[in-house]
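Novice: Based on the sequences and whatever the hints tell you, model everything.
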Amino acid sequence: MSRYILRRLLWTIAVVLLVTLVTFVIFYVLPSGDPALRFAGKQPTPQVLAQVRRDLGLNHNVVIQYLLYLKRLVLGDSHGWPGLGFSYSTGAAITPQLWQRAQITLQLVLGGAVLWMLIGIPIGVISAMKPRSLFDRASLVTGLVFISTPVFWLGLMLLWLFWSTLGWLPGTGFVAFTNNPVQWAQHMIMPWFTLALLFAAIYARIIRANMLDTLGEDYIRTARAKGLRERRVITHHALRASIVPVITLLAIDIGTLIGGTVIIESIFNLQGLGNWVLEGALNQDLPVTLAVTLIVTIAVSMLSLLADIAYAYLDPRVRFK
Amino acid sequence: MSVPLLEIRGLSVHFPTPDGVVRAVDGLSLAVERGETLGIVGESGSGKSVTFLAAMQLLGKGRAQVQGEILLDGVDLLTTRPAEMRRIRGARIGMIFQDPMSALHPLFRVGDQIAETVRAHEDIGRREAAHRAVDALRQVGLANADERAHQYPHELSGGMRQRVMIAMALVLEPELLIADEPTTALDTTVEAQILEIITEMKVRLGIGVVLVSHSLATVADVAETVLVMYAGRAVERGPSIRVFADPQHPYTWGLLDSLPTVDARRERLVPIAGSPPSLIDPPPGCRFAGRCPYRFDACDGDLPDLIERGGDHADACLLGTADRRVVRRHPAHTTAPGAPA
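Order-wise, the sequence lines are chains A and B. Residue numbering for the first sequence is 104 to 424, as defined by this note's numbering. Residue numbering for the second sequence is 6 to 346, as defined by this note's numbering.
Treat the hints with caution; some may be incorrect.
What the hints assert, rightly or not - Here chain B is said to cover these stretches of chain A; the calculated rule only asks that three of the stretch's residues, wherever they fall, bring their Cβ under 8 angstroms from a Cβ of chain B:
1) 318-327
2) 342-356
3) 409-422
Stated by the list, open to error - Each pair of labels, with its calculated beta carbon distance range:
4) A:Gln206 / B:Asp140: 52 to 58 angstroms
5) B:Asp302 / A:Ser236: 33 to 39 angstroms
6) B:Asp24 / A:Val421: 38 to 44 angstroms
7) B:Ile285 / A:Ala312: 27 to 33 angstroms
8) A:Ser236 / B:Pro288: 37 to 43 angstroms
No wet-lab data here; the hints were simulated from the structure. Even glycine gets a Cβ: it sits at the ideal position worked out from N, Cα and C.
Specialist: The following block contains the structure:
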């Protein structure tokens, strides 16, 4: 098991290094024109341009530039770790903002993920236990509705209903958990549901399909033949085998969402990574775009490492391959 | 005489399908005594597995129409309520299956899978259940039972896995063991060991055993009584020595003639021509008639039932016993039309 983890860890480090190289090529080398101009924001003064060249080491050749870029990332810079520099448009350091915004996005995505698993798993399991039943058909139709509903429309509808019409929930914005846990939850609940309803529908379908496959397995017949309660056959034997393949999917989805919740963050005015990368793109603030791209790709590789470890823990056959 | 341990009376299992009703089992009767092994032989689709899945109420809700009686110690399992049936499965009837790789849960340690059986029926702690599991593994002759209990199915060989299945089926010392083709997926050398363990456990626990197989040779070695099934019907039943030495039904002849023998009495193996009939609306009369070289008019009449011909030996063939002796000595299939001369 530990050898397996070590192997996966080394592999992940290699992938992350590759990611730094690819982002470097995309942001520094591939676009035509002076990289300093792109990093410096909309209307840079000659002084700013000179500072950009100095900060990013643009006077050196490309290889040295990459090594400097890597060095700033690994060792940090004057603005913190990892060294992602400075936004020449807003005049703020990237790193502290990145951590602060990543926290908000993580709270949104992880909370949403917990919610969609809590909704999706039971629905998938119950549907699989009685396929073609009324419940199964109803969940299929409801799921299709949520899969095809645009996220922005769903978010706005929730706002209209629970904030504007019923007044049950506060509108938009974010309150830190440490400031006021109740208000934190009140502010997060609509973004969570907006995110979770779509994914719950998808995951319910996947878990239903996996469960139907598993329930046809010989070892389920064995479990029944030894006199286990049907409840235990379902939750212990069938669900366990059905949930393992979902782990990988979950990691990929969470990873992708870390940089992909632009719409929800905009609707609910959450100052997370999605909102930030949107601002960065609109203001031609390249350091911001670069930072988010980098962090999201690294997060995806980290999460897939975690998924592999979880997979090996849950399925003993994986460890021996 | 006391009640048999397991008695099946007039069992029919029908599966409604869009194409018609599949008569998987049609009017089957049999009995198993304590301390006895009943061998059930037949090819795929003859209804042998379905019969015992029906006995365990494991056919799936609403999919099968089951009629007749399956009596365990005089109590009909077909009318037993599901909650009560759950208590019987594992505790009073143990069951093992064809492929131990797929029959064991791949994600759980084998010891835990056995302990789970114990805990499903007895109110005991984890540790004690784990002890019972290791004991059960030791009883079926698994070396290093302590360590094996902590392994996963994929870490064990096929023979070891089937021993685990046997240990799991017998850990609660049930009265009846149903072994559904327990050696089909195993090597021949391992097959002998597994059959030996089943017999040993039968003697030690004094239980009844049903050994389902497609091979008459496998069954004849360990079973006292043999029942031959064809297309959902019993065609011959008797003490296994007599069935093997003096088979009465043309289908049993076919089964034996298609077996290789060591002393090479026969120069070549003779397959049974044709294939089993469709079980959807089968024609009236003997199910084997379509493949039988000795078919005559009466065979297309009513479904023949097992008829006792003395010495506990019964068959469902309409040929007169004198005729049988003649045709058995001069088999028709060697000169059957279409066969090379």
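Novice: Each hint: holds or not?
Specialist: Hint by hint, here is what the structure shows:
1. Coverage of the stretch 318-327 of chain A by chain B holds [criterion: at least 3 residues with CB-CB distance below 8 angstroms; count 7].
2. Remark: the stretch 342-356 of chain A is confirmed as covered by chain B, as 3 of its residues place a Cβ nearer than 8 angstroms to a Cβ of that chain, reaching the required three.
3. With a threshold of 8 angstroms between beta carbons, the proposed coverage of the stretch 409-422 of chain A by chain B holds, since 4 of its residues qualify and at least three are required.
4. Distance hint check: the CB atoms of A:Gln206 and B:Asp140 are about 54 angstroms apart, consistent with the given range 52 to 58 angstroms.
5. For the hinted restraint 33 to 39 angstroms between B:Asp302 and A:Ser236, the CB-CB distance of approximately 51 angstroms leaves it violated.
6. About 42 angstroms separates the C-beta atoms of B:Asp24 and A:Val421, a value consistent with the hinted range of 38 to 44 angstroms.
7. Taking 27 to 33 angstroms as the suggested C-beta distance range, the pair B:Ile285 and A:Ala312 conforms, at roughly 30 angstroms.
8. A beta carbon spacing of about 38 angstroms between A:Ser236 and B:Pro288 agrees with the range 37 to 43 angstroms that was offered as a hint.
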